[in-house]
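Q: Here's the letter readout for the chains.
There are 2 protein chains.
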Amino acid sequence: MKPTKILFTRFLLVFCLILTLFVTQAFQAMAGGRLVDLTHPFDETTIYWPTSKPFLLKKVHEGVTPKGFWYESNDISGSEHGGTHLDAPAHFARGKWHVDDIPLERLIAPGIVVDVRKRALNDPDYLISRQDFLDWENRHGKIPQNTTVLVLTGWESFWPDKKKYLGTDRPGDVKNLHFPGFSADAARFLVKERHLGAVGLDTPSLDYGQSKDFMAHQIFGEANVPGFENVCNLSTLPARGFRVIALPMKIGKGSGAPLRIVAEIN
Amino acid sequence: MKPTKILFTRFLLVFCLILTLFVTQAFQAMAGGRLVDLTHPFDETTIYWPTSKPFLLKKVHEGVTPKGFWYESNDISGSEHGGTHLDAPAHFARGKWHVDDIPLERLIAPGIVVDVRKRALNDPDYLISRQDFLDWENRHGKIPQNTTVLVLTGWESFWPDKKKYLGTDRPGDVKNLHFPGFSADAARFLVKERHLGAVGLDTPSLDYGQSKDFMAHQIFGEANVPGFENVCNLSTLPARGFRVIALPMKIGKGSGAPLRIVAEIN
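Those protein sequences? They're chains A and B, same order as listed.
Position 61 (the first sequence) corresponds to 61 in this note's numbering; numbering is contiguous.
Position 105 (the second sequence) corresponds to 105 in this note's numbering; numbering is contiguous.
Hints listed in this document are in silico derivations from the structure and should not be mistaken for laboratory results.
Take these hints with a grain of salt, some might be off.
As the list claims (entries may be wrong) - Think about it this way: if two alpha-carbon atoms lie no more than 25 Å apart in a straight line, the pair counts; the simulated PhoX-like pairs of lysine-lysine are:
no., chain 1, residue 1, chain 2, residue 2
1, B, K5, A, K5
2, A, K58, B, K96
3, B, K59, A, K53
4, A, K59, B, K175
Said to hold, decoys possible - Which chain A residues face chain B? A few, computed with CB under 7 Å, are given here:
no., residue
5, D75
6, A90
7, S255
Glycine included, every Cβ here is placed at the ideal spot set by N, Cα and C.
Bound conformation, chain A alone (with noise of 0.2 Å):
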């Protein structure tokens, strides 16, 4: 052969081969990839706020029906603000997004998870911190803009434990609150410097237990950047390559809302 043959050949291959790398991959990402639940369901030991109203499902019927066909329907009752629900900025915030406002773009975007058991496992009271996400970055890369800002204390191991899970088990006892949040520095550090979308964690709250002051909702919730709380299954997810999808049921004015929410795997 020729030597421009054989160039021609072998560009040939090569291009076959990317061809097919790009083909399949673009026919993987439309038909979507692999999904996994990180939301707990709703019933009696969805574990709620100690001074919040809990989740009640009342039956209003269960049976056959004097026509001879099945019927089950019930009514639901509860806080916005229990189980995996999402924390609109208006919660904390004059002015900001309630629920039905939050543009669909941050509640469906690309995420990441920042492990941070080895430092939260053994300290309820764990402040994550700024250097947690630097951490992650110096084995990740930078945390690009508009990103779904998730992390794993390894509290969603103690659900629905609430004596483990909120420190304490009693009605009302606020006083008694112990669980892992993010600290002022952190939030200011992901909002300011790392312009991110949304945020949640496997904790029943942005703001660790003992904090008297809810900062990292007020600095969270004033950027308008949704935050997700009572997550779970993130142990189960890569540190990135994956899409959040947070979709609230559409409470008009709500300050928060019953949250499903799926990671999808690329």
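Could you slot chain B onto chain A? The hints should help.
A: Structure of chain B alone, referenced to chain A:
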């Protein structure tokens, strides 16, 4: 230039063009498509079944706390079945999936819109027919298995006018319900011959207003097909080429649930 060289150059041009196309497509698909919210908000105008407990948002706190920061919180209550919501198969079919049993792959899947406005808008007792789907298939090809089939009757344009949307605005008045729904024959066709994944429409119910036996509910329920009711903005979607992301509140043993439903257009 030699003929081989000319061929090579042309080939290179075509190669670059095709590659660019696929790379663009892959990146677009990975970044996600345009998002459209198909959900009515929950507020004092939200339409519920005349016999159901309506949605209630009860303020717990709104204002500056003694500690000096802003705080808003509410309690919510209502029937599982109202506003934009999910009907779990268990609603009308004993032993079938409750809300928390439904696999995520049934909730996040490729969708189509079947526009029956020409037939339905002048007939508040319209029964969506097998022919409506065959007509769609004549233009767009056979409905693939596991598709989320959405039907646009045009009823979404009457929301939130109860008299027009339900046929009645009197509490408890189920005798005067008038709106389109699926015929039993259409439900059987979609289940047995098209093996759909989920079903939805822009009216209050899978069955038409005057139904007494709720056959569409029974047929879809028996086949473990989740239903999405009081969906909106279907008139803004293409007939196909989008994904439906339908995430209900994860109610343990729920027969239905408030639903956030979104389309992602390719």
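Q: Against the structure, test the hints numbered earlier, and report the numbers of the ones violated in rising order.
A: Hint check: nothing fails, all pass.
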